[in-house]
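Residue numbers (this note's numbering), protein chains in the order written: chain Y, 41 to 324; chain L, 41 to 324.
Worth double-checking, as some hints may not be accurate.
As the list claims (entries may be wrong) - Counterexamples of contact, computed for chain Y against chain L with all Cβ distances above 12 Å: (1) Leu-66; (2) Ser-89; (3) Lys-93.
Unchecked claim - For lysine-lysine, the following DSS-like pairs were computed, each having C-alpha atoms within a straight-line distance of at most 27 Å: (4) Lys-90(L) with Lys-105(L); (5) Lys-250(Y) with Lys-216(L); (6) Lys-265(Y) with Lys-250(Y); (7) Lys-227(L) with Lys-265(Y); (8) Lys-93(L) with Lys-318(L); (9) Lys-61(L) with Lys-90(L); (10) Lys-250(L) with Lys-216(Y); (11) Lys-227(L) with Lys-46(L); (12) Lys-61(Y) with Lys-318(Y); (13) Lys-216(Y) with Lys-227(L); (14) Lys-46(L) with Lys-227(Y); (15) Lys-216(L) with Lys-216(Y); (16) Lys-46(Y) with Lys-57(Y); (17) Lys-227(Y) with Lys-265(L); (18) Lys-227(L) with Lys-61(L).
Just so you know, the hints here were simulated from the structure itself, not pulled from any lab data.
Each residue gets a CB set at the ideal place from its N, CA and C atoms; glycine is no exception.
2 protein chains.
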Amino acid sequence: MLLLWKPVVQRLMSETKQRLKDHNKLDGYVAIFLLSDDRASEVYVTLKSKYAKKLGIYADIKFGKDRDVDEIQEELMQCNNDLACLGILIQLPLADRLQTEQYRLLEMISPDKDIDGLTSRLFGQAWFGREFLGATPQAALHILDHYDMWDVLGKVCMVISQSNLIGKPLALELMKRGATVISTNSKTPAEMFQEWFDRSEYIFAATGVKHLIHPDLVNENSNIKNKVLMDIGRWSDEDGPHGDVDRQRFADKVRGVTPVPGGVWPVTVATLFHNIVKLHWFSK
Amino acid sequence: MLLLWKPVVQRLMSETKQRLKDHNKLDGYVAIFLLSDDRASEVYVTLKSKYAKKLGIYADIKFGKDRDVDEIQEELMQCNNDLACLGILIQLPLADRLQTEQYRLLEMISPDKDIDGLTSRLFGQAWFGREFLGATPQAALHILDHYDMWDVLGKVCMVISQSNLIGKPLALELMKRGATVISTNSKTPAEMFQEWFDRSEYIFAATGVKHLIHPDLVNENSNIKNKVLMDIGRWSDEDGPHGDVDRQRFADKVRGVTPVPGGVWPVTVATLFHNIVKLHWFSK
Numbered sequence: 041m042l043l044l045w046k047p048v049v050q051r052l053m054s055e056t057k058q059r060l061k062d063h064n065k066l067d068g069y070v071a072i073f074l075l076s077d078d079r080a081s082e083v084y085v086t087l088k089s090k091y092a093k094k095l096g097i098y099a100d101i102k103f104g105k106d107r108d109v110d111e112i113q114e115e116l117m118q119c120n121n122d123l124a125c126l127g128i129l130i131q132l133p134l135a136d137r138l139q140t141e142q143y144r145l146l147e148m149i150s151p152d153k154d155i156d157g158l159t160s161r162l163f164g165q166a167w168f169g170r171e172f173l174g175a176t177p178q179a180a181l182h183i184l185d186h187y188d189m190w191d192v193l194g195k196v197c198m199v200i201s202q203s204n205l206i207g208k209p210l211a212l213e214l215m216k217r218g219a220t221v222i223s224t225n226s227k228t229p230a231e232m233f234q235e236w237f238d239r240s241e242y243i244f245a246a247t248g249v250k251h252l253i254h255p256d257l258v259n260e261n262s263n264i265k266n267k268v269l270m271d272i273g274r275w276s277d278e279d280g281p282h283g284d285v286d287r288q289r290f291a292d293k294v295r296g297v298t299p300v301p302g303g304v305w306p307v308t309v310a311t312l313f314h315n316i317v318k319l320h321w322f323s324k
Numbered sequence: 041m042l043l044l045w046k047p048v049v050q051r052l053m054s055e056t057k058q059r060l061k062d063h064n065k066l067d068g069y070v071a072i073f074l075l076s077d078d079r080a081s082e083v084y085v086t087l088k089s090k091y092a093k094k095l096g097i098y099a100d101i102k103f104g105k106d107r108d109v110d111e112i113q114e115e116l117m118q119c120n121n122d123l124a125c126l127g128i129l130i131q132l133p134l135a136d137r138l139q140t141e142q143y144r145l146l147e148m149i150s151p152d153k154d155i156d157g158l159t160s161r162l163f164g165q166a167w168f169g170r171e172f173l174g175a176t177p178q179a180a181l182h183i184l185d186h187y188d189m190w191d192v193l194g195k196v197c198m199v200i201s202q203s204n205l206i207g208k209p210l211a212l213e214l215m216k217r218g219a220t221v222i223s224t225n226s227k228t229p230a231e232m233f234q235e236w237f238d239r240s241e242y243i244f245a246a247t248g249v250k251h252l253i254h255p256d257l258v259n260e261n262s263n264i265k266n267k268v269l270m271d272i273g274r275w276s277d278e279d280g281p282h283g284d285v286d287r288q289r290f291a292d293k294v295r296g297v298t299p300v301p302g303g304v305w306p307v308t309v310a311t312l313f314h315n316i317v318k319l320h321w322f323s324k
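Looking at chain Y on its own, in the form it has when it is part of the complex (with noise of 0.2 Å):
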């Protein structure tokens, strides 16, 4: 079965909808800090630019390469206190000149309304309970939250990465769960990963590796039409988008399977958005 973007990101934007307007909060708008001439960054703003307004608010780009660090974090600051401000995302890559205050910069985002999940407090809150995720590992869930396949209590889920925003978060919410977890890297012996992949009822994958998730792995000890792969990330090579699954050949064969594209990365955006309901309205 294949997993879908659609039908996630449309149950995610209208609750998201219907809780901004629940709380008298059209009129409030999302500040994206975009600090580079990065053309990848300016292409990512304006589709998190046309998502805010398909909600019916505002987002208000922050052009800022040539600044001063200091009215960058004047306006960073003015942000935080704004109430109408619902949330402050930083783009990065951050310019060139700007790297060395990438940390400072992200820090400074109230915890409250840093939809990203880049700053510390944020992540070390989410450590003792509060219910948040960044961006990326929360869109795989809100995958399987949809497709009711979230339960995921005392199953075994294998994380192939170790990445700051994927790989650990996603081992962590994971815990959080129940879930027997797996984490691996590129240092994992070969005999163990093809072990682990027939013991795993969830694979979450992020590494760029072009279909390191391929049928040759399956054998009968597989018990592959329970799995669920969730492909993570989204890559690029001559031939066009790809991800780590080679799902055209799984699809058929698992419980679910998600595609590059039109997987988890176009969900993304709208779990960036949705990240306003949880950081406003759920409980700290």
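Once you've looked at the hints, dock chain L against the given chain Y.
Frame of chain Y; chain L shown alone:
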């Protein structure tokens, strides 16, 4: 081989002392808030106090089980701002009437003085790369460091516990060190437990289940002489203190095993005070 606490504590004590001396901090103090009349807590606080004395610094015990929350908070703030205060800890559990204030009180501690590692900000900073870990999981790693077993890069590590204070931060730290990590809980299927015991080079157990790791687990696939068994925590029953590992029957067979009593637990107090060094004189 038994991995013993004494040489580790000696090393930690001498390093802590030296650093305090180098930085002219031997006139400093650690503030310990004792906000209950829990008997075990009193014992722990006395142990910490004695250890401080050995270092040549002072443990200022702030009693407060009957005091107003406002007053406690004020004193916490004073300690945060006092340059002579090297570290702050709140001994848990709190008195019943203070339970609801626990999170707020802990969060007031400056991350730079939080030697217990219980503030969300410090957790978050550790996530993003600051070298810091709470006393109990860090104690286990100090032992590994001392016995030159610290290099877990590419190794398979099984962490049997998903607690916020031991299992989760330990799993995260092992990921930071490049290990493949298997994080299990009480719902992990038994047959996989056996398989992963065989596959793991390092096993960290902190469950309280007496002799969960027992010789019957060993078979021809276990590669037992290559294993390091870290028994974290200390529990008691009618026969006295025990650990998760039936170490008497492992001592001659494995690469390393920490005994209970006498392994990780007695290193935690020394680690707590060594965390002053980590927080003040390591890079942030």
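Going through the hints against the structure:
1. Leu-66(Y), annotated as away from the interface, keeps every beta carbon of chain L farther than 12 Å; the closest lies near 31 Å.
2. Every CB of chain L lies more than 12 Å from the CB of Ser-89(Y), the least distance being 28 Å, so the non-interface label holds.
3. Non-interface call for Lys-93(Y) relative to chain L: holds, since the shortest CB-CB distance, roughly 32 Å, exceeds 12 Å.
4. Our distance criterion of 27 Å between C-alpha atoms is met by Lys-90(L) and Lys-105(L), whose separation comes to about 22 Å.
5. For the hint linking Lys-250(Y) to Lys-216(L), the alpha-carbon distance of about 24 Å falls within 27 Å, and the restraint holds.
6. Under the criterion of a C-alpha separation no larger than 27 Å, the hint pairing Lys-265(Y) with Lys-250(Y) is consistent with the structure, at around 22 Å.
7. For the hint pairing Lys-227(L) with Lys-265(Y), the CA-to-CA distance comes to about 22 Å; that is within 27 Å, so the pair holds.
8. Under the criterion of a C-alpha separation no larger than 27 Å, the hint pairing Lys-93(L) with Lys-318(L) is consistent with the structure, at around 19 Å.
9. Proximity of Lys-61(L) to Lys-90(L) is assessed by CA-CA distance (about 18 Å); at most 27 Å being required, the pair is judged to hold.
10. The hinted pair formed by Lys-250(L) and Lys-216(Y) meets the criterion: a straight-line CA distance of about 24 Å does not exceed 27 Å.
11. Between the alpha carbons of Lys-227(L) and Lys-46(L) the distance comes to roughly 36 Å, so the proposed pair goes past 27 Å and is violated.
12. With a C-alpha separation of about 15 Å, the suggested pair Lys-61(Y) and Lys-318(Y) falls inside the 27 Å cut-off, and the hint holds.
13. At most 27 Å may separate the alpha-carbon atoms for a hinted pair to count; Lys-216(Y) and Lys-227(L) meet this at roughly 13 Å.
14. At most 27 Å may separate the alpha-carbon atoms for a hinted pair to count; Lys-46(L) and Lys-227(Y) exceed this at roughly 34 Å.
15. Of the pairs offered as hints, the one joining Lys-216(L) and Lys-216(Y) holds, with about 19 Å between alpha carbons and a cut-off of 27 Å not exceeded.
16. With a C-alpha separation of about 16 Å, the suggested pair Lys-46(Y) and Lys-57(Y) falls inside the 27 Å cut-off, and the hint holds.
17. Note on Lys-227(Y) and Lys-265(L): the hinted pairing holds, with a Cα-Cα distance of about 22 Å set against a maximum of 27 Å.
18. In summary, the hint linking Lys-227(L) to Lys-61(L) is not supported, as the alpha carbons are separated by about 49 Å, beyond the 27 Å threshold.
The structure does not agree with the numbered hints 11, 14 and 18 stated previously, though it agrees with the rest.
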